[in-house]
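J.: Below are the chains, spelled out letter by letter.
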Amino acid sequence: MRVIWIALAGVALLAGSASGASKGGSVNLVAYSTPKDAYGKIISAFQKTPAGSGVSFTQSYGASGDQARAIAAGQPADIAALSLDPDINVLVRKGLVPKKWNANKYRGIVSDSVVVFVVRDGNPKHIKGWGDLVKPGIQVITPNPFTSGGARWNVIAAYGALRRSGKTDKQAVSYVYKLFKHVPVQPDSARAATQVFAQGKGDVLLTYENEAVYAERKGVHTEYHTPKASMLIETPVALTKSGQSNPAAKAFYKYLWTAPAQKAFAAQGYRPVVKSVAKGFHFYRPPGLFTINSKRYGLNGWAKVNKRWFDPNKGIMAKIERSIGQ
Amino acid sequence: MLHRGGGSLARGVALGYLSVVVLLPLAALIWAARVGGPGAFWDQVTRPEAVAALKLSLGVASLCALVNAVTGTAMAWVLVRDRFRGKSFVDAVLDLPFALPTIVAGLTLLALYGPNSPFGVDIAFTRTALLAACLFVTLPFVVRAVQPVLLELDVEMEEAAASLGAGPVAVFRRIIFPNLLPAVLSGVALSFARAVGEFGAVVLISGNLPFKTEVSSVYIFGQLQSGNQSGAAAVSVLLLLISLGVLLAIGALRHWRTRHDHV
Amino acid sequence: MSRYVLRFGVLGYLLVLLVLPVGLIFYKAFEHGFGHAWDAVTTPQALHALKLTLLIAAIAVPANTVFGIVMALALVRTRLPGRGLVNALVDLPLALSPVVVGLALFLLYGRGGWLGGLADHGVHILFALPGMVLATMFITLPFVVREVVPVLREIGTEQEQAAETLGASPFQVFRRITLPAIRWAVLYGVVLTTARAIGEFGAVAVVSGRIVGKTETLPLYIQGQYESFDTSGAYASSVVLALIAIGTVVALRAVHPREEKEDA
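As they're listed, the protein sequences go chains A, B and C.
Under the working numbering, the first residue of the first sequence carries the number 89, and numbering increases by one thereafter.
Under the working numbering, the first residue of the second sequence carries the number 1201, and numbering increases by one thereafter.
Under the working numbering, the first residue of the third sequence carries the number 7, and numbering increases by one thereafter.
Looking at chain A on its own, in the form it has when it is part of the complex (with noise of 0.2 Å):
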């Protein structure tokens, strides 16, 4: 008997200490994988704010996809922080975000990036532009399409960039074939990929330019070459319904464009979108940037991108893997 109530008393113990409460209001975020340190400064920051005293934070950061059907799922979120608009209208189509989320002067996004080469230090393979990926021995890591957003905006950025070459659509399309066929590994996620690059495999990683400074500063010896033809990445945050009537989640929202949430995610190598902040910070703007929807290039915003590409039976990117695999 004794034994069952000192066990009874570990489990209140255990239960009491892993819980915890909050006076100033709480806020649910939940993320993609890459912004986590990004996040932990703006939160501290925000709690030393009047705004922002007393609030509570729950994190969560995972692949952007498997992160929009947690939420989709159930998982609480006041703010969902994830690296494409699809993944956030998965929300919208569910109900659970509202379908104006993106009606602020930013439009939803929070932070830009471009899609880079991260390489071993010194650049042994000379890898410089989009030509250099598929030369024969060349290993390129980048993470899965289906579950990864920053996957999804390696493929369109390649696409994209022989495009703005002259190439065709045909071409341009058999270009991320020959792509794919030099992938010997494909992360469930952006954070996974640079952790597989930094093991040692591979020559070249395709990533965002703020996970490129995340590697280097973390110690990884690589170097990072931004081409010339890149793609302009946006990362959007939208507020959720349940956000929506939570005014500590409200406040935090806003607060994400303010200077100093501003400033705190230029520190840790993403580009912000408030331009009087972005005058503070000198990232290199490549001669060739496009974005999701620069049409001339054919590409028509994430909605028609995204079936096209990624429909996981019809689309581009599903075909290539089944007629490399096969």
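Incorrect hints may appear among the rest.
Calculated pairs, EDC-like style, for lysine to aspartate or glutamate (alpha carbon to alpha carbon, straight line, at most 20 Å) [said to hold, decoys possible]: (1) A:K306 to C:D45; (2) A:K392 to A:D257; (3) A:K395 to A:E311; (4) A:K269 to A:D220; (5) A:K402 to A:D257; (6) A:K407 to B:D1243; (7) A:K306 to A:D209; (8) A:K182 to C:D126; (9) A:K216 to A:E304; (10) B:K1255 to B:D1243; (11) A:K306 to C:E37; (12) A:K213 to A:E304; (13) A:K329 to A:D209; (14) B:K1287 to B:E1352; (15) B:K1412 to B:D1322; (16) A:K255 to A:D220; (17) A:K306 to C:D126; (18) A:K124 to A:E304; (19) A:K402 to B:D1322; (20) A:K407 to A:E311; (21) A:K316 to A:D399; (22) A:K216 to A:E311; (23) A:K258 to A:D399; (24) A:K129 to A:E304; (25) A:K329 to C:D126; (26) A:K129 to C:D236; (27) A:K124 to C:D236.
FYI, nobody ran anything at the bench for these hints, they're computed from the structure.
Assemble chains B and C onto chain A, guided by the hints.
T.: Just chains B and C now, with coordinates in the frame of chain A:
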């Protein structure tokens, strides 16, 4: 004791618990898999990616079971018949793969046999790595199934056969092997089942590459991540059926073994 | 001669597949000194993950122990309808992929699932402690049952019946006769259950939601740290789990009631 009132109480509690913890979730899984009708189910399980992943899982698991049949029997033999210092230590260490969390197993295999391998052996993100991870987690199954049978085996019978002129190979083939076979097979079946569904140990080391290194469990996880719930559920139902099949086989083996004992 | 070949073959296999990898965890964790490793496992996040892991085990293990004993009694001592099916269901977690287990729970308790409505009434199962406990209970269900069943068969019912004729109530019979006889088997099952509960990854990964400092168990935390380039933290926490595993193995040795026959 349980012939009267206690019996129905025990039955009720046990079956109720089993229903809530096991049956209800599985029913929900099957329900989700059949949502689009049999046609949609068929489409999902015959997607080229799904078929490739399942084939790979079954292939790796078969190979793993086969290797275990040999190494497991050899280990059991050494542990029972051989004598050397530190044997009981080796015996104890064999349980470690069971107790060690699978993610730790994957992490350490990656460190040891990955790109940064201290021995220069880099098998990470290949099918060999999948096999290694499965061999690690299923290490104890055959040994622990065979060991007790080998302990009970009558050495005198072998000695008698040997004195009648049977060579060691003949003794093994005629006497030892038939006696061990049911135990070996049930250990093999268990390691097969475990290897087909292994996730934790392979998730870091698999490479996740469709058609190449993506096994079923990783495929299911990926489908769930990319929002294809019915696809994940359909392949899961397939794995569920495989597990049940293996368990039935083990049950039949157990039956065979008990009959064997009484002959 | 062949005996040595076999012996060293087996020992070599174990060395490559088991001893080296486990040894490497310890080496990697203490590479930068003991203090470094200690700091890594005592960060608030790591401590919380450890506490949560232990809490889940502290709920799932007793639940499955009670269930295991009752189920074993029901299987051996009563005429259970559909015994074959029940047996298969009890064994199923041994053979089923943890991801499938997680997915099943996800579909049951997720929004749109049969019990998904619970969340709207403030009962959070998924992405909270209850879901993780349920996943762990599913995975570790068979161990106590499987240890107790053969012992119950072996001890038979004579003593129980004798006590019953002498007027003992079913509960008294259980406490005085049955429980002492199956004690060691139960304990053995408990150790196995605990080991699996603490290390569970796949099923918990699907239902946890990985909320930092809230629903992150130690195995999930290890994966997270590994991916965020805190490899020494990942290894240090792995050592904690490896030590628990080694403790389990030692406990298994101490508890195992079998009498080893010394070979002639």
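J.: Confirm or reject each hint.
T.: Consistency of the hints with the structure:
1. A:K306 to C:D45: With Cα atoms ~18 Å apart, A:K306 and C:D45 stay inside 20 Å; holds.
2. A:K392 to A:D257: 15 Å, holds
3. A:K395 to A:E311: Distance ~34 Å between A:K395 and A:E311 Cα, so the pair is violated.
4. A:K269 to A:D220: Judged against 20 Å, a Cα distance of about 14 Å means the pair holds.
5. A:K402 to A:D257: Distance ~17 Å between A:K402 and A:D257 Cα, so the pair holds.
6. A:K407 to B:D1243: 16 Å, holds
7. A:K306 to A:D209: 14 Å, holds
8. A:K182 to C:D126: 15 Å, holds
9. A:K216 to A:E304: 18 Å, holds
10. B:K1255 to B:D1243: 16 Å, holds
11. A:K306 to C:E37: 18 Å, holds
12. A:K213 to A:E304: Roughly 19 Å between the alpha carbons, so the hint for A:K213 and A:E304 holds.
13. A:K329 to A:D209: The given pair, whose Cα atoms are some 46 Å apart, is violated under the 20 Å limit.
14. B:K1287 to B:E1352: Cα-Cα ~19 Å, so holds.
15. B:K1412 to B:D1322: 17 Å, holds
16. A:K255 to A:D220: This hinted pair holds, its Cα atoms lying about 16 Å apart.
17. A:K306 to C:D126: 42 Å, violated
18. A:K124 to A:E304: Holds - the C-alpha atoms of A:E304 and A:K124 are around 16 Å apart, at most 20 Å.
19. A:K402 to B:D1322: 36 Å, violated
20. A:K407 to A:E311: The hint is violated at about 33 Å.
21. A:K316 to A:D399: 29 Å, violated
22. A:K216 to A:E311: Distance of about 11 Å is within 20 Å: holds.
23. A:K258 to A:D399: 18 Å, holds
24. A:K129 to A:E304: 19 Å, holds
25. A:K329 to C:D126: 14 Å, holds
26. A:K129 to C:D236: Satisfied, since the Cα-Cα distance of roughly 18 Å is no more than 20 Å.
27. A:K124 to C:D236: 13 Å, holds
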